[in-house]
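Asks: Here are the chains, one letter per residue:
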Amino acid sequence: MPNEQKDKKASWLWYLLLLIPFIATLWPPFYAGAEPTLAGMPYFYWYQFLWVIISAVLTAVVYFATKQK
Amino acid sequence: MNWTALVVFMIFFLFVTVLGFVSAKWRRGDLDRLDEWGLAGRRFGTIVTWFLLGGDLYTAYTFIAVPALMYAKGGIGFFAVPYTIIIYPFVFMVMPRLWSVAKKHNYITASDFVKGRYGSSTLALLVAITGILATMPYIALQLVGMQAVFDGMGLSGDWPLIIAFLILAVYTYNSGLRAPASIAIVKDLMIYVTIIVAVIYIPYKLGGFGPIFDAATAKHHAAALLPSNNFAVYSTLSLGSALALFLYPHSLTGIFSSSSREVIKRNTALLPAYSFVLGLLALLGYMAIAAGIDTKDGNAAIPQLILKMFPDWFTGFAFAAIAIGALVPAAIMSIAAANLFTRNIYKEYINKNCTEKQEARMAKMVSLVVKVGALAFIFLFARQDAINLQLLGGVWILQTLPAVIVGLYTNWFNKWALILGWVASMVTGTWMAAYMHFGNSFKLPFGIGGGTMIYIGLYALVINFVVSIVLTWLFNAINLKNGKDETVAADYQ
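Taken in order, these protein sequences are the chains called H and G.
No gaps in the numbering here: position 61 of the first sequence is 61 in the numbering used here, and each next residue is one more.
No gaps in the numbering here: position 47 of the second sequence is 47 in the numbering used here, and each next residue is one more.
It cannot be assumed that every hint is accurate.
[Claimed, not checked] Calculated Cβ distances over 12 angstroms to all of chain H for the following chain G residues:
| hint | residue |
| --- | --- |
| 1 | VAL22 |
| 2 | LEU69 |
| 3 | ILE132 |
| 4 | SER156 |
| 5 | ILE163 |
| 6 | PHE381 |
| 7 | ASP385 |
| 8 | GLY449 |
| 9 | VAL466 |
| 10 | PHE475 |
| 11 | ASN476 |
[What the hints assert, rightly or not] Which chain G residues stay away from chain H? Per the calculated CB distances, all over 12 angstroms, these:
| hint | residue |
| --- | --- |
| 12 | LYS25 |
| 13 | LEU31 |
| 14 | LYS103 |
| 15 | LYS104 |
| 16 | LEU161 |
| 17 | ALA291 |
| 18 | THR295 |
| 19 | PHE310 |
| 20 | ILE350 |
| 21 | LYS364 |
| 22 | ILE387 |
| 23 | THR410 |
| 24 | GLY451 |
| 25 | LEU474 |
[Stated by the list, open to error] The calculated label-pair distances, taken between Cβ atoms and stated as ranges, are:
| hint | chain 1 | residue 1 | chain 2 | residue 2 | range |
| --- | --- | --- | --- | --- | --- |
| 26 | H | TRP12 | G | THR295 | 49 to 57 angstroms |
| 27 | G | LYS104 | H | LEU16 | 24 to 32 angstroms |
| 28 | H | LEU16 | G | ARG361 | 46 to 54 angstroms |
| 29 | H | LEU16 | G | TYR204 | 36 to 44 angstroms |
| 30 | G | ASP485 | H | ILE23 | 28 to 36 angstroms |
In short, the hints are calculated from the structure, not lab data.
Cβ atoms here follow ideal geometry from the backbone N, Cα and C, with glycine treated the same way.
Chain H extracted, bound-state conformation (with noise of 0.2 angstroms):
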C-alpha cells in the first residue's frame, strides 16, 4: 500500500509540466516583440510556433511516465 500511495504521488509530479505551457503561452509580454526574426519571422511568431511543439512533446512525456504498467 504505502508503495503504491508512493507511485501515485510521483504521478502527480509529472503532471506539473503539463502547466508550463499554460504560462509560457498565456503571458504576452514573454514574446510580443519582434527581434530576434528566424528567417524572416518575428520573435512573436516562431516563439509560439516552437511551444506547439514543446508542448506536444511534454505532453508525450508525461503520458509515458504516468502511463499505468
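With chain H's structure known, arrange chain G on it following the hints.
Replies: Relative to chain H, chain G alone:
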C-alpha cells in the same frame, strides 16, 4: 466560371459522398442503437480518433476566418495558436475522467453525466439546451465557409450550398458518426497537402517570409505584432476559448467515441500537429496582403489568394479540401446536437419509455432537422448574425464548465447553486456581448487595470463560479437537500 477547378472539386466531392454512404458498413454495428449511430460503438482507436478530432475541431470556418482575421486585424488573430496549444494539456488532465465515467454508466452526452452526478434533470436540461444553442450557429458558419469557396469558383446562387448540405444530411442520417469519421481521413490529408504546398510555394513566389511580414507591417503597423494594450484580450481569449472547446457537444462526441482513455491521452500529444498547421494557415492572411489581395470581405481573402497563386487544378483541390472541411464538423455537430435532444429532452420529457430503436430513430430525424435549420438560418438571416451568435455560443458553452468539468472532480456544488450560477452568467455574458455590439471583450470593473479589456466568456465564468460557490455555502447552511450522485470515485479512474 473556373471549369478546371470546378471539375477537380466535383471529383473529390463525389468521392467523399460515396465514402459517406459506404462507411455505414465500416466496423459494422447495429445502427438502430444510439451508441452505434451516434458514437460508432465507442470503438475508435488512436488513429481514427486523431483524424476525427482533427477534422472536427479545425473546421472550414476556421480555415477561412483565422487567416481573414490576420488579414484584417493583424497579430491578434494569432490567438488561435496559444488557444490550441493549451487545449491539449487541459484535455489530458480532464477528459480521461469523463471518458471513464461515461463508459461505466453509458453516458452519451455531457448532459447525461450531469444528470447522473447531480441527480438533477433541470441542470441536465440546461446543459443540453446550452449545447444545442451553441452548436446551431456553429453549423451555420460551416455553410459560410463553404459559400466562400463556391464564390471563389464563380458558382453563384444558393443551390450549390443546398445540394451539398442535403447530400450531407442524407449520408449522416444513413451512416451516423462513421460517415464523418471516414471522410475526416480524406479531409485532413487534403488539408495537410494544401497547407504544406501553400506555405512552401507562396513564400517562394513572394520572396520569403521577410517580405510577407514587411507587407503585413506596412498595412497593420504595430498591430502586425501584439501591442501591449492587447495582451489581456489575447491571453484571456486563448484561455477562455481553450476551456470552452471541449465543452462543445461535437468535441465531446470525439471523446466519447474513443475506445479507451489511453486513446485520448495519446491524442493530446499527437493533435498539436493540427495546431502547427493552423499557425501556418493563419499566416496565409499575411501572404494575402503581400500578394496584393485587396478585399473588404475578409472571408474572401484566402479563396482569392488561392485563385491568384495556384494553377486551376490545384485551386480545385484546395477548395475541395475546405468544402469537405465544412462537411465533417457539420455532420459531427448535427449528430452531437441530435444525441443531446434525444437523450436529454425527448427521452427525459416526451417519451420516457422509448425503446432503443425509437431513440436512435429520433436522433436520426433530429440530425436532419438541425441541418435544415442551419440552412434556413443562413438564407433567412444575415451572415453577420451567424457570426455574432457563434461568438455568443462560445460565451454560453463556457458556462457549463462548473457543472461538467468541476463535476468530474467533486460533487460539492449544490445543484440549485449551479443552476443559478448558470442563469447569472448567461444573462450577464449575453448582456455584455450585446452591449459591446458583439465584440468579444469587456472592461474590468471599478477601473481595475485602467480599463483593461478581457474576454467576455471568461468574465461570465468568474461570475458563474462566484454565484455557485456562495450559494452552495448558503444552501448547505440552511440544509437544502442536494441531488443523489449515482457515480462513485472509482468510476472516474
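Asks: Compare the structure with each hint and give your call.
Replies: Comparing the hints with the structure gives:
For VAL22/G, the non-interface assignment is confirmed: its Cβ lies about 34 angstroms from the closest Cβ of chain H, beyond the 12 angstroms cut-off. The Cβ of LEU69/G sits about 15 angstroms from the closest Cβ of chain H, beyond the 12 angstroms cut-off, so the non-interface label holds. The claim that ILE132/G lies off the interface holds: its Cβ sits roughly 30 angstroms from the closest Cβ of chain H, which is beyond the 12 angstroms cut-off. For SER156/G, the requirement that its beta carbon stay farther than 12 angstroms from each beta carbon of chain H is met, with the minimum near 37 angstroms.
The Cβ of ILE163/G sits about 37 angstroms from the closest Cβ of chain H, beyond the 12 angstroms cut-off, so the non-interface label holds. Distance check on PHE381/G: its Cβ is at least 35 angstroms (rounded) from any Cβ of chain H, clearing the 12 angstroms threshold; non-interface status holds. No beta-carbon of chain H is positioned within 12 angstroms of the beta-carbon of ASP385/G; the least distance is around 31 angstroms. For GLY449/G, the requirement that its beta carbon stay farther than 12 angstroms from each beta carbon of chain H is met, with the minimum near 14 angstroms.
With a cut of 12 angstroms on Cβ distances, VAL466/G stays outside the contact zone with chain H, its closest approach being about 22 angstroms. A cut-off of 12 angstroms between C-beta atoms confirms that PHE475/G is not in contact with chain H; the least separation is 32 angstroms. Non-interface status of ASN476/G relative to chain H is upheld: no Cβ of that chain comes within 12 angstroms, the nearest being about 29 angstroms off. No beta-carbon of chain H is positioned within 12 angstroms of the beta-carbon of LYS25/G; the least distance is around 33 angstroms.
Even its closest Cβ contact with chain H, about 34 angstroms, leaves LEU31/G beyond 12 angstroms, as expected for a residue assigned away from the interface. With a cut of 12 angstroms on Cβ distances, LYS103/G stays outside the contact zone with chain H, its closest approach being about 16 angstroms. Distance check on LYS104/G: its Cβ is at least 17 angstroms (rounded) from any Cβ of chain H, clearing the 12 angstroms threshold; non-interface status holds. With a least beta-carbon separation of about 34 angstroms from chain H, LEU161/G lies farther than 12 angstroms from that chain, consistent with its non-interface assignment.
For ALA291/G, the non-interface assignment is confirmed: its Cβ lies about 16 angstroms from the closest Cβ of chain H, beyond the 12 angstroms cut-off. Every beta carbon of chain H lies more than 12 angstroms from that of THR295/G, the smallest distance being close to 23 angstroms; the non-interface claim holds. No beta-carbon of chain H comes within 12 angstroms of the beta-carbon of PHE310/G; the shortest separation is about 22 angstroms. Residue-level check passed: ILE350/G sits 42 angstroms from the nearest beta carbon of chain H, beyond 12 angstroms.
Look at LYS364/G: its CB is around 37 angstroms from the nearest CB on chain H, clear of 12 angstroms, so calling it non-interface holds up. The Cβ of ILE387/G sits about 25 angstroms from the closest Cβ of chain H, beyond the 12 angstroms cut-off, so the non-interface label holds. Against the 12 angstroms criterion, THR410/G stays outside the reach of chain H, whose nearest CB is about 17 angstroms from its own CB. A cut-off of 12 angstroms between C-beta atoms confirms that GLY451/G is not in contact with chain H; the least separation is 18 angstroms.
The claim that LEU474/G is not at the interface with chain H holds, since no C-beta of that chain comes within 12 angstroms of its own (minimum 32 angstroms). Between TRP12/H and THR295/G the CB atoms are about 52 angstroms apart, so this pair conforms to the stated range of 49 to 57 angstroms. Between LYS104/G and LEU16/H the CB atoms are about 28 angstroms apart, so this pair conforms to the stated range of 24 to 32 angstroms. In this structure, LEU16/H and ARG361/G meet the distance hint of 46 to 54 angstroms, their C-beta atoms being roughly 48 angstroms apart.
Range check, LEU16/H to TYR204/G: about 43 angstroms between beta-carbon atoms, so the 36 to 44 angstroms window is met. Restraint check, ASP485/G to ILE23/H: a C-beta distance of roughly 34 angstroms satisfies the suggested window 28 to 36 angstroms.
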